[in-house]
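Asks: Sequence:
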Amino acid sequence: MNNGMIFVPEFLLVIAAVVLIFSKNVLKKDNWIPAAALAALGLAFFWRLGTVGQESSLGDFFVSNDFSWYFDLIYLGVAAAAVIFSFSISKDRNIFFSLMLIGTAGMMLLTKSRDILALFLSIELIALSLYSLVAFGKDERKLEAGIKYFILNVFASALLILGLGIVFVLTGATQFSEIGNNLTQQMALPLLAGIVFILAGLGFKMGIFPFNFWLPDVYEAAPIGITTLLAGASKKAAFGAVALLFVLGLGGLVPFWAGLFTLLAVATLLFGHLGAIWQSNFRRFLAYSIIGQSGFMMMGLAAPSVLGLTGLLFHILTHALAIIGIFAIMAFLEAKGIFEIHALDGLGKRSPFLAVALTIFLASLGGVPLLAGFVSKFVLLSAAISMGLVMLAVFAVLASIISIFFYFKIVRSMFAGKTQAKILEVPILTSIIVSISLILIFLLGIFPGQVIGFLSQTINYIII
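747 is the number of the first residue of the sequence shown in the working numbering; add one for each residue after it.
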């Protein structure tokens, strides 16, 4: 395949976004726009699906291989679900859905980046799309969340570019591979400042402690489709970018940054899982739970072996599947006016299918055996222990126990809680999305070998 052909999905999404933006000047009706956005994502997904095993590049800035292929499929799958959850958006549809497509294209470029300039520009493309999407609508809370997200994003970008600038000044290179080749032990201490600034900038995107204070407010206020995109795709793109930059570019300084990643992993695990206990709003509860799950992803970076990075990639997938399933249920429930956790009382009687499905998704997040989340956590724990990070593994197990405790409280209220409300009729589209997520979570939990084997080979693209 020609070099540019693998990058067709990104071009397709951008072209589709441009068409949607200007469609209002030609067509008065806009009821076709969500379907068009979904079709563009579907076409991009199946095109990318057919490029497995193929490598290509655009100059020295972007490289496409199985590592980026894996992430691309996750982004496109999550974005498709986010579009479906946003069908109810009625105002300025052309702008809304075009921004979703542009943001998704930015994520795809981010995990192909091999140069600090390409990395920064990709991050800004994502951020510029998400600023407007978070604040979309006339709701004052959405506007407040959007402004908060914008201000903090600008601050994070400033820290990131400062850190990347320090790396460039010290190494004289912008390409990840050249940065790695130019590293010397004498640079270690001066580079620590750059590493801290980079982590602060990207930590905001990753939603890790202590850079996650924006996350609960934004996740609660943003449109449900955008919260899905943030939690299921944008966060994963940031982790992919960190893996590329730190392993490819700064891999020679693992002893200097792995310890910092370990501390951040422990803090994120505890902050997220303990914070979730006190939440009454379901979205805020999930926001803190997602912060806690970011702590598990940090474990893969704290133990950056083949096993650790394989665990990171696998956990990114299992978490994305659970997010899609949970937010599909949330989108339906919120349309019925259910926003608080106590409103889930008796859901097992009103809709046994949704109650059982939500139980399974939460169980996967908690790491219950036979589900995908258990396997990904097991791989991450094994990686941490194999690298001598026993206390990190202990804190991770403790965090999982805490999560199972508060997940069980929700499950108990769904099945033991009393309600006089009527039976809920679940739309066929919601049932399909939830069912697909359930099937994949069970398959990956029972037969994970082939995917883990593929990911282990994929890691060779970034470990050199």
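It is possible that some hints are incorrect.
[Unchecked claim] Taking lysine to aspartate or glutamate and the EDC-like style, the derived pairs with C-alpha atoms no more than 16 Å apart in a straight line are:
{"#": "1", "residue 1": "888", "residue 2": "776"}
{"#": "2", "residue 1": "837", "residue 2": "924"}
{"#": "3", "residue 1": "1155", "residue 2": "1080"}
{"#": "4", "residue 1": "1095", "residue 2": "1171"}
{"#": "5", "residue 1": "888", "residue 2": "812"}
{"#": "6", "residue 1": "1155", "residue 2": "1086"}
{"#": "7", "residue 1": "770", "residue 2": "812"}
{"#": "8", "residue 1": "775", "residue 2": "838"}
{"#": "9", "residue 1": "894", "residue 2": "838"}
{"#": "10", "residue 1": "837", "residue 2": "885"}
{"#": "11", "residue 1": "1164", "residue 2": "1080"}
{"#": "12", "residue 1": "888", "residue 2": "801"}
{"#": "13", "residue 1": "1082", "residue 2": "1171"}
{"#": "14", "residue 1": "894", "residue 2": "776"}
[Stated by the list, open to error] Here are the computed distance ranges between Cβ atoms for each label pair:
{"#": "15", "residue 1": "1051", "residue 2": "1167", "range": "16 to 26 Å"}
{"#": "16", "residue 1": "1085", "residue 2": "800", "range": "25 to 35 Å"}
{"#": "17", "residue 1": "1023", "residue 2": "889", "range": "38 to 48 Å"}
{"#": "18", "residue 1": "1172", "residue 2": "918", "range": "35 to 45 Å"}
{"#": "19", "residue 1": "935", "residue 2": "765", "range": "50 to 60 Å"}
{"#": "20", "residue 1": "1196", "residue 2": "935", "range": "23 to 33 Å"}
{"#": "21", "residue 1": "1173", "residue 2": "936", "range": "49 to 59 Å"}
{"#": "22", "residue 1": "931", "residue 2": "795", "range": "26 to 36 Å"}
Bear in mind the hints are in silico, worked out from the structure with no lab data behind them.
C-beta atoms are modelled at their ideal positions from N, C-alpha and C, and glycine is treated no differently.
Asks: Give a verdict on every hint.
Replies: Do the hints match the structure? See the list:
A threshold of 16 Å between alpha carbons decides the hint, and for residue 888 with residue 776 the separation of about 23 Å lies outside it, so the pair is violated. Proximity of residue 837 to residue 924 is assessed by CA-CA distance (about 47 Å); at most 16 Å being required, the pair is judged violated. As the CA atoms of residue 1155 and residue 1080 are separated by approximately 20 Å, the hinted pair breaks the 16 Å bound. With a CA separation close to 12 Å, the supplied pair residue 1095 and residue 1171 stays within the 16 Å bound.
For the proposed pair residue 888 and residue 812, the alpha carbon gap of about 37 Å is over 16 Å, so the pair is violated. A distance of roughly 14 Å separates the Cα atoms of residue 1155 and residue 1086; the hinted pair therefore holds under the 16 Å criterion. With a CA separation close to 38 Å, the supplied pair residue 770 and residue 812 exceeds the 16 Å bound. The suggested pairing of residue 775 with residue 838 holds, with an alpha-carbon distance near 11 Å, which does not exceed 16 Å.
This hinted pair does not check out: residue 894 and residue 838 have alpha carbons roughly 22 Å apart, beyond 16 Å. Our distance criterion of 16 Å between C-alpha atoms is met by residue 837 and residue 885, whose separation comes to about 13 Å. For the given pair, residue 1164 sits about 19 Å from residue 1080 by alpha-carbon distance, which is inconsistent with the 16 Å threshold. With a CA separation close to 41 Å, the supplied pair residue 888 and residue 801 exceeds the 16 Å bound.
The suggested pairing of residue 1082 with residue 1171 holds, with an alpha-carbon distance near 11 Å, which does not exceed 16 Å. The hinted pair formed by residue 894 and residue 776 fails the criterion: a straight-line CA distance of about 30 Å is larger than 16 Å. Taken as a hint, the range 16 to 26 Å is violated for the pair residue 1051 and residue 1167, whose Cβ atoms sit roughly 51 Å apart. Under the hint 25 to 35 Å, the C-beta atoms of residue 1085 and residue 800, about 45 Å apart, miss the expected range.
Judged by the Cβ atoms, the range 38 to 48 Å given for residue 1023 and residue 889 is violated: they are separated by roughly 30 Å. Checking the proposed 35 to 45 Å range against residue 1172 and residue 918 shows it is violated: the Cβ atoms sit about 59 Å from each other. The beta-carbon spacing between residue 935 and residue 765, approximately 51 Å, falls within the hinted interval of 50 to 60 Å. The beta-carbon spacing between residue 1196 and residue 935, approximately 44 Å, falls outside the hinted interval of 23 to 33 Å.
For residue 1173 paired with residue 936, a C-beta distance near 57 Å keeps the hint of 49 to 59 Å intact. Residue 931 and residue 795 have their C-beta atoms about 44 Å apart, which leaves the hinted 26 to 36 Å range violated.
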